[in-house]
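Novice: Those sequence lines, one after another, are chains A and B. If you're matching positions, the first sequence starts at -12 in my numbering and goes up one per residue. If you're matching positions, the second sequence starts at -12 in my numbering and goes up one per residue.
Bear in mind the hints are in silico, worked out from the structure with no lab data behind them. Incorrect hints may have been included.
The list makes no distinction among identical chains, and a pair is therefore deemed to hold if it is satisfied within one copy or across any two copies.
Here are the simulated lysine-lysine pairs, DSS-like style, with alpha carbons at most 27 Å apart [unchecked claim]:
id	residue 1	residue 2
1	179	411
2	147	527
3	103	518
4	28	434
5	336	518
6	102	336
7	11	411
8	11	179
9	102	337
10	103	336
11	214	356
There are 2 protein chains.
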Amino acid sequence: MGKLGTRDINVQEGRESVIIEAVKPEIDGGRFPIKRTAGDKVIVEADIFADGHDVISCALLHRKEGISGWTEVPMVHLGNDRWRGHFKVTEIGRYLYTMRAWVDPFESWRHGLAKKVEADQDVSVDLLVGAELVEATSQRASKLDAKKLRDLANVLRSEKGASERLSLALGEELSEIVAKYPDLGFASTYIKELSVIVDREKARFSSWYEVFPRSCASETGHHGTFKDCEARLAYIAAMGFDVLYLPPIHPISRTNRKGKNNAPLAGAGDSGSPWAIGAAEGGHKAIHPELGTFEDFRHLVSKAQEYGIEIAIDLAFQCTPEHPYVKEHPEWFRWRPDGTVQYAENPPKKYEDIYPLNFETDQWQELWKELKSVVEFWINQDVRIFRVDNPHTKPFPFWEWLIPEVKEDHPEVIFLAEAFTRPKVMYHLAKLGFTQSYTYFAWRNTKWELMQYFTELTQTGVSDFFRANLWTNTPDILTEYLQMGGQPAFMVRLVLAATLGANYGIYGPAFELYENQPRELGSEEYLDSEKYEIKHWDIKRTESLKDFIARVNRIRKENPALQSDWSLSFHGTDNDQLICYSKHTEDLSNTIVVVVNLDPHHTHAGWIELPLSDMGLDPQSPYQVHDLLSDARFLWHGPRNYVELNPHITPAHIFQVRRRVRTERDFDYFM
Amino acid sequence: MGKLGTRDINVQEGRESVIIEAVKPEIDGGRFPIKRTAGDKVIVEADIFADGHDVISCALLHRKEGISGWTEVPMVHLGNDRWRGHFKVTEIGRYLYTMRAWVDPFESWRHGLAKKVEADQDVSVDLLVGAELVEATSQRASKLDAKKLRDLANVLRSEKGASERLSLALGEELSEIVAKYPDLGFASTYIKELSVIVDREKARFSSWYEVFPRSCASETGHHGTFKDCEARLAYIAAMGFDVLYLPPIHPISRTNRKGKNNAPLAGAGDSGSPWAIGAAEGGHKAIHPELGTFEDFRHLVSKAQEYGIEIAIDLAFQCTPEHPYVKEHPEWFRWRPDGTVQYAENPPKKYEDIYPLNFETDQWQELWKELKSVVEFWINQDVRIFRVDNPHTKPFPFWEWLIPEVKEDHPEVIFLAEAFTRPKVMYHLAKLGFTQSYTYFAWRNTKWELMQYFTELTQTGVSDFFRANLWTNTPDILTEYLQMGGQPAFMVRLVLAATLGANYGIYGPAFELYENQPRELGSEEYLDSEKYEIKHWDIKRTESLKDFIARVNRIRKENPALQSDWSLSFHGTDNDQLICYSKHTEDLSNTIVVVVNLDPHHTHAGWIELPLSDMGLDPQSPYQVHDLLSDARFLWHGPRNYVELNPHITPAHIFQVRRRVRTERDFDYFM
């Protein structure tokens, strides 16, 4: 078109007047995809409105990437110009969605006609206007419908009785045919195509167990092997874990090797830290010889599969002075003016056994490609889950490239970000593509902290991109709560992790064996940490949390409510040491209420208050709650009920809510 | 660069790692400009962070549109990766802003060096690294600074004493020179350039008075003229208003003319509704002959200027059957199958005297141009303020085109949107460019309603695009509160409008003369409404609110705190009929506390609670509050103070807070 004054407006725009905005979910204006798992419903809402008073219609458009042509589903008006629609994502990969909305002249006309009829006004001209609209629709219709529409237009125009013409005009039949052929000439399509990354179910629901393979030997004093790990699988599977995460399994450098308890210099027999990757035997594509061979590794992976366990390995992109890259690619490191390579430091701390890769090198493209080849190398060894060490110390653009690049061929791959850093950096890494993320859970212990943090993680937009994985402990994190709370503290934290988070993990056997000695007071490091030495754990000893863990993991498997985090909701208690929350399935067929006594030392009692209607319970009828931990059953009535938890017995209830209690009316002879 | 696998990433991106996001202010992802007035400070905040632990620097870039080259101001870190900067907009028109951030290797190095020195570590190699950084900086520096930097680099490298080299390395001098020449090679610039529409002060602070010129005759039975309006100016100016808004002044159609009280048919002497625009005498570019001539109109405009009053006219884009457009441009109307033009209707209501323009016409571009020419026509008659009638029944794209188009040549023009429609439509029109907007104020009467609504309008992002103009009444809106509350109700609503809103208006003389008779019970229409007949108001009668209004408007003029809405904050009271709020200037040199008794029938008393520290008051010292309405002064102490308001005297306090009360220490002979 020509110019309209000094600003151009294209022809379409001038008459396109439906606005689509405030879309949810949409991350940072569509800059990043949302995350879902296969089988999920993607619910989309937007503010959609036009000028004037016309009736509008809105459709949600969606498609799997690579498939041409949108599938269209109608959206419904929720009130206050808010509309909602949904679609199901069934396969892993990437889906796209957007919206289209248009003014609907036929429905606007029908709406006005009905009001005029009600007010007993003359509508003879209105019927002629309607006939024109129907006639116009016929030009967009299939041959069959076009004929039908022309006939109906003629009836509207005809001399027939007003009541016959009106019942046609206001009836559903005509409306339904017309609705099949909307005039999309001036329809507004949302300016962005938004995307959804669809992962497999394990991205949403997983139970992780971290173990050092070198500590898996059945006898003290031996270096554990992959074969020893295999022998440990039955034990891990019995506890109910489905991901077994191994810290780095690569050759460990001898240069600047750290000694026990992080001593600056290793003693003669010291085995060093597995995170000091690279030695004469190789780097990230090699296996530490004492652990076994590639064949042994693949055998472990396949044996684990038989137990329903997947092996996850560590991606720790850093090198030791002995790593082959240092010689082969000196340009990937930062050289100091004295001719040495810059080691890792966070002043005044020095990590002289670690050379960080210099991502600012001019050869960054070659570096990126090599690191991608590391991931592919292990994919070829049948690994599909990677725990990524300190991703926040590598460039954001690297992850934004690497993860989709890997997932293009292997959409089933899962990346867990270990970014214990500032909140915005943590969230940004998740947006860039990490499938799951470590959280601050370990440091959230009080009721207020837990409620505040898990409301943020699950009930705000955060969960669209950030999938929390809750760890009770790690080789780096022995929290003060665990150090000081005795065995009840371990139970408390296990229940919280496993029920607040559909994804959770423990570092064992330290956890189930109640290991709680810090290197020194005020430290979160384990005394005699496995990071620097081989340990032997007596997994058969009776003083172990393993049966309790097995019970909790079984409860998770049997209760779909616990297999996602979207429904998490906190409930009132009149005692700040008692935290109460629930999760449920969309159809409310499975509802779990958890109550935990956060004080590992004393018995606490109090009243909890449940929103019965939201939970699908009749506030007038009694209901049964079944504690899946103790197997006790309680008959409750009304929203307020009493609980009492002795941490020295069990500091938690995990109640399954049963909808209804039988009454005399269910008794055979009642009628 | 080449391909990195299947996804291209440009060279820059791979090493650009500072993220800029969550920018405020930014409306709908930068889709719309924010609004400010000349002299305002634009405060910009963003989350800005990089991977790793490096020190980053951030700059806010801004410029007036048309001026090339950014002005750069540093941003400061507020904590939690949130940064803030600001700039001042001094001229009306459009400004642009964005941000740039970069990793600062020199400051990162200096930061690490300081920590190492503190830990007593050897830093000899670090000094060499620093020398390299300084040397590199010298290559970006001015000739003079380059020499200086090379010399300083040599000192860092030299054999001089460690203490001398360290004090140079850690000192401010070197840091300041280096900061002048940042390496912006991998700097991140925010992806969007955001814009600010800067209006003149009246956009932010204005007092409107609406009057029907035809009712301004000094004697009953005469049709008022522009000359009569002139005679009314002194009266209006004495009340303190600075915008005089006239309903449409165009020829009024005779066809289907409405009678008194909206009777379907006019009687012989009935003058019709001024909104029925268009007759044989002309349309939107003509003047109703009985009001006077163009010369009279321009004379009124210039006379008003002498009183400090601007004339605002109505833009009501609709026509009567007699409007010249109907004959000249039949294609701009919607024709019905019976050969008649579609009149306005909102079934079952019919407005047969009004033909809406059909913006869906194929000739919409010509229509748009003609309507723009109407605005220009009145600009040529020295009008700079337009009150726009029902903008929500015209297409959104039309306004988004028209307003900037007009403001390109006349950035001083003000458009007030009369869109009493759904909230999202109302807000959208404001985003599209309207300078001010009518609000739901008239229907917000209780404390909770007022607090909730004005918190939304002033304390959320809304105020960045929506400038509220609070009307106590309009020819269409005589609220039930005014109908039932007697004279105190008028005082309550006047004080609320004039102090909650820096922009407010009344429709007079109906308002100051306490007109409160509805056409019928349950109606918000005035009985014998001026919309359909000429009235004669006895503005000289003693029973009038005019002196009270004059006082309130003088308070507004003398207290800059009341001239903007950004600082509005509500304070606690222990009586739900008492509402308390304050406004202040940025430097706290002017603070106004308002307390209103919302019950027009009964005296109410209670305690109000003020946040003294936020108001710059010492919580330990007494302070004086001066009621600018009654001229009474009170000595208060501490946050909680007692107030009592009898609506039959004055239902409100407008306190000016005086910072400090004199004590014995101020007495001449004290020392």
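Novice: For every hint, state whether the structure bears it out.
Specialist: Each hint tested on the structure:
Proximity of residue 179 to residue 411 under the C-alpha cut-off of 27 Å is found in both arrangements, the shortest distances being 25 Å within a copy and 20 Å between copies. With identical chains, the CA atoms of residue 147 and residue 527 are never at most 27 Å apart, being 91 Å at best within one copy and 65 Å at best between copies. Taking the closest pair of Cα atoms, residue 103 and residue 518 come within 27 Å of each other only across two copies (26 Å); inside a single copy the shortest separation is 81 Å, beyond that limit. Taking the closest pair of Cα atoms, residue 28 and residue 434 never come within 27 Å of each other, the shortest separation being 31 Å inside a single copy and 42 Å across copies.
For a Cα distance limit of 27 Å, the shortest separation of residue 336 from residue 518 inside one copy, 17 Å, qualifies, whereas the shortest one across copies, 80 Å, does not. With identical chains, the CA atoms of residue 102 and residue 336 are at most 27 Å apart between copies only, with a shortest distance of 9 Å across copies and 78 Å within one. Taking the closest pair of Cα atoms, residue 11 and residue 411 come within 27 Å of each other both inside a single copy (20 Å) and across two copies (16 Å). For a Cα distance limit of 27 Å, the shortest separation of residue 11 from residue 179 qualifies both inside one copy, at 12 Å, and across copies, at 22 Å.
In this assembly of identical chains, residue 102 and residue 337 lie within 27 Å of each other by CA distance solely across copies; the values are 12 Å between and 80 Å within a copy. Proximity of residue 103 and residue 336 under a CA criterion of 27 Å is satisfied inter-copy only: 9 Å between copies versus 81 Å inside one chain copy. In this assembly of identical chains, residue 214 and residue 356 lie within 27 Å of each other by CA distance neither inside one copy nor across copies; the values are 32 Å within and 83 Å between.
Hints 2, 4 and 11, counting from the list given before, are not met by this structure.
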